[in-house]
Amino acid sequence: WRQIVSANTAPIREQLVAMRDDLDHLIGALDDPRVVIDLLTRGNEGVRALPGKRGKRPDEVISVVVEIPDAPGALGQLFASITTNGVNIEDLSIEHDPDRPAGYLSIDVAPERADALRQLIREHGWGLRS
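Residue numbers for the sequence shown follow our numbering, so the first one is 15 and each next one is one higher.
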């Protein structure tokens, strides 16, 4: 990181100054919903412009969130069910519940496979969160 930052100080500074200006603008306009919505919209547009897996845009996948028990083999069983039913996992992330022995697995799939994945999750008794 040191080499990356030292080789790119000018563009990094430019982006940080722009971010600081946006934050100052947001702080000064928190009571104006139009300004807040505009900044959030611009932020969402920026996120959508970032490439994901193999250059895919984030809007080219759907995230399906499953509640999964923190138990041996649970993740393997879920993956086996998904694979057996022909759903390709594009990407995934997991968040652990701080209060319960469970996690929330966000599974990214092609939009045309999201409904099939949701149905599969319901049929196998997994907790569907989204």
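The set of hints was computed from the structure by calculation and includes no laboratory data. Just so it is clear, CB atoms sit at the ideal spot from N, CA and C, and this is done for glycine as well. Honestly, I wouldn't trust all of these hints.
For each label pair, taking beta carbons as the anchor points, the in silico distance ranges come out as [said to hold, decoys possible]:
1. Glu-28 with Gly-141: 43 to 49 Å
2. Pro-47 with Gly-100: 40 to 46 Å
3. Ala-116 with Gly-42: 26 to 32 Å
4. Asp-129 with Gly-87: 37 to 43 Å
Task: C-beta pair Glu-28, Gly-141: status relative to the range 43 to 49 Å that was hinted - done: 45 Å, holds
Margin query: Verify the CB-CB distance for Pro-47 and Gly-100 against the hinted window 40 to 46 Å.
Written below: Once the Cβ atoms are compared, 44 Å apart, the range 40 to 46 Å for Gly-100 and Pro-47 holds.
Check: Within 26 to 32 Å or not, the Cβ separation of Ala-116 and Gly-42?
Finding: Because 41 Å falls outside the window, the suggested range is violated.
Quiz item: Do the Cβ positions of Asp-129 and Gly-87 conform to the proposed distance bound of 37 to 43 Å?
Solution: Taking Cβ atoms as reference, Asp-129 and Gly-87 lie about 27 Å apart, which means the hint is violated.
In summary, the numbered hints that this structure violates are 3 and 4.
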